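A.B. asks: Next come the chains, spelled out residue by residue.
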Amino acid sequence: MELSVNGEKLQLPDGATIQALLDHYKLQSVRVAVELNRDIVAKKAYLNTSLKSGDTVEIVTFVGGG
Amino acid sequence: MTSTPLKIGPYELQSRLIVGTGKYSSLELMQQCHHESGAQVVTVAVRRERLLDKNSGRNILDFIDPQKYILLPNTAGCFNAEEVVRVAKLGREMLTGSGYRGADWVKLECLGDTKTLLPEPVGTLEALKILVKDGFQVLVYCSDDVMLCKRIKEAGAAAVMPAGSPIGSGLGVLNPNAIRIILEQVKENDPSYPVIVDAGVGTASDVAAAMELGVDGVLLNTAVAGATEPAKMARAMMLATESGRLAYEAGRIPRKLYATASSPWEGRINA
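Those protein sequence lines, which keep their order, are chains E and B. If you count by the numbering used here, then the first sequence holds residues 309 to 374, one letter each, in order. If you count by the numbering used here, then the second sequence holds residues 482 to 752, one letter each, in order.
The hints are simulated quantities; they were obtained by calculation from the structure and are not laboratory data. Treat the numbers as computed from the prediction; the structure is a model and nothing was measured. You can take every hint at face value.
Restricting the straight-line Cα-Cα distance to at most 30 angstroms, the calculated cross-link-like pairs of lysine-lysine (DSSO-like) are:
1) E/LYS352 / B/LYS549
2) E/LYS352 / E/LYS317
3) E/LYS351 / B/LYS614
4) B/LYS549 / E/LYS334
5) B/LYS610 / B/LYS631
6) E/LYS334 / B/LYS504
Cβ pair distances, simulated, as ranges:
7) B/ASP543 / E/LYS360: 29 to 39 angstroms
8) E/LYS317 / B/ASP543: 23 to 33 angstroms
9) E/ASN314 / B/LEU510: 23 to 33 angstroms
10) E/SER312 / B/ASP594: 27 to 37 angstroms
11) E/VAL349 / B/ALA728: 44 to 54 angstroms
12) E/ASN314 / B/MET482: 43 to 53 angstroms
13) E/LYS317 / B/ASN670: 54 to 64 angstroms
14) B/PRO547 / E/ARG346: 25 to 35 angstroms
15) E/GLU310 / B/VAL613: 35 to 45 angstroms
All C-beta atoms in this analysis are idealised placements derived from N, C-alpha and C, irrespective of residue type, glycine included.
Only chain B is shown next, with the shape it has when bound in the complex (with noise of 0.2 angstroms):
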């Protein structure tokens, strides 16, 4: 028995766990935690090649398979609209016949300064109406602002990405009930819209908890590539995604304050 399959932008997806590629010791580890994860999409930052010391020629798409992932490219490092469009294209340009799937969409991320990473949400709407209108399908990382998520989904994103938690903190969901809030604004007459966890992951029930919430997916990087073992770390991300997924779909019970009997009453033999 397997979790519904989701939607987003041109992509249907099996696996609902989204990671990314950044911060691991090898390339070939990295290659070996997206194999654990079951994750088919990973995400990519854009950067300046290194034109001297190329770090032995190795690139990064060399140890990422193009028929088993997608890849999203993101707009990591931009602080304004400017910046994000700029390097969207590039990272459409990138993709562009490449061989792999991905040119479509990006993950639009426009920060507010270099302390907090959290999302600049003027900056975010300004440069998401752009790549809306440039034809990308855009999945947008924002912070957890039920209002700010709606005027996203008005302006045409392909999905709302609202962090747990600043990048990398390992803080997991800080404000369940924000998520729950958007959840249910967002979906209201279109329960498909997705709505992802995007970054404040610490561990696997960070995951779990995200999904039974009811998000659609959950994106994170830091918490597997930073773990002591990354590649165990990996699974254990992945069996989350799907345990809390089931989970959400399965409907748990309601919580009581008092205790309700498992066993029968009737037939006790000291009655």
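The shape of chain E in the complex, shown without the other chains (with noise of 0.2 angstroms):
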């Protein structure tokens, strides 16, 4: 299935979790937030929610900032 991670086209498995699309890209879950097609994900969730094709999805992180 074809998801948009943070603006990039990604090919990944079909029924692929949350959980497996950090293990793709190797980022801890306590690092990061994530929103599905605009809804935040809870992170006790990303084990049991399931992508599929055509989902937006933003990975995001704290950086620098004032």
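From these two lone chains plus the hints, build me the complex, please.
C.D. replies: Have a look at this one:
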């Protein structure tokens, strides 16, 4: 299936979860927040939230700012 | 002898200086500056995770001790209420269950354009109302307009944060009169309501001058991160915040046109 992640196209196997997506990028869940189609996904739901083709995902973190 | 603590939203702070985490040449230097500044609150921004080329996997949070610092997520780079609310919620989600304090508050920043980086008042108020309804304690970056500050307070903001001058300009507090009127008006019958000067500081005397007006605190970033020796400037900012506050609490002498002798006239041997 094809996803849009932070504005970039990504191919992942059908049925992959948010957790699988984070694992793909080697990201720690404690250091990110995730939006799926504009809705925030709670961290405890990463393991059982499956993605489908066409989904838009945003993965954010904290950076320096004032 | 120390100045009185500051209460904003859910937190009581010993330090009246809030510092940013942006523009440092290294995370180690940022950490050192935070230490030298004595600040208990540091601001952070929410951005897309870099999915490739992850900067060797280092995250800014690895350089901020959750025991020592409260995080204040900002909505920097947002230009309308919808963007502000979206980013504020992502910041809260980042902090929820993270071991860091700061999930319950946000620095609302809704900008008008990229050249002035001045706050856009209509979007600011609109976003504020939504965030307050959603349970956020909102610290609002705004212009030094007294009527706007009053409306922001009425809408339920935890603090108003008028700019001293444009972000990163280093011009200090350009209109101290406006800040004084804001202080009088928003603190009328509510003297503990927090007013923070946010943005524009260039050097330590700007901070001391702002604190002497009676503002409750100062928020700054570039003045430290951009200094030739940032850690030294961070310490200067700590001292300026404390000395400015103590001077305000002590109560300065009135300004007079002519001299008043400090030594007695009586007993002069040549009289």
